[in-house]
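Q: Going by the UniProt record's numbering, the sequence shown opens with residue 1, and the numbers climb by one from there.
Mixed in with the good hints there might be a few duds.
Derived CB-CB ranges, DEER-like [stated by the list, open to error]:
no., residue 1, residue 2, range
1, K104, V77, 11 to 21 angstroms
2, G95, P67, 27 to 37 angstroms
3, P75, G30, 14 to 24 angstroms
4, T18, R70, 34 to 44 angstroms
5, G30, N68, 14 to 24 angstroms
6, K104, E23, 18 to 28 angstroms
7, M108, K59, 13 to 23 angstroms
Because the hints were derived from the structure by calculation, they are not lab data.
Backbone N, C-alpha and C define an ideal beta-carbon position, used for all residues, glycine too.
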Amino acid sequence: MNETLHQAAQAYLEHLRTQGKKERTLYTYGKDFEQIEAFFGAERKLSSVLIPHVGKFFKSDALLKLPNGRERSAPTVEKTKRVLRMFLIWAKETGRIDKLPLPKDTPMGRSAKKGGERDDKHDAIEAPAAEQS
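Put together the whole structure using the sequences plus the hints.
A: Below, the structure is given as structure tokens:
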């Protein structure tokens, strides 16, 4: 299989649709893929995405900043990382790629843990300032 990143992303979204994901989820994941494709290039071969590329994306302004230059919120950044991680795991499981191109320090979350427990409690530790009165 020699799919482009865009083709594989579309196949993944279709897979999620068949799994019963809500249209809103598919829409937001689609937005995540727009960001991912803007960084990597939609026509890039999925098999050519390697650990250093993913590591660069995780540190890039494409992920960490909004188009106007302001910082993206941490939960938004974490969600985009999570979508990319789940997509890459799916790509490996479906034989689209041979190796998982994720840096060692990538949190693996629910999909790689026993018992299906989520590991995203750290996403919402700080209460908004308005609640700290």
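Q: Take the hints in turn and mark each one as holding or not.
A: Evaluated hints:
| no. | hint | in the structure |
| --- | --- | --- |
| 1 | K104 with V77: 11 to 21 angstroms | 19 angstroms, holds |
| 2 | G95 with P67: 27 to 37 angstroms | 35 angstroms, holds |
| 3 | P75 with G30: 14 to 24 angstroms | 18 angstroms, holds |
| 4 | T18 with R70: 34 to 44 angstroms | 37 angstroms, holds |
| 5 | G30 with N68: 14 to 24 angstroms | 21 angstroms, holds |
| 6 | K104 with E23: 18 to 28 angstroms | 35 angstroms, violated |
| 7 | M108 with K59: 13 to 23 angstroms | 19 angstroms, holds |
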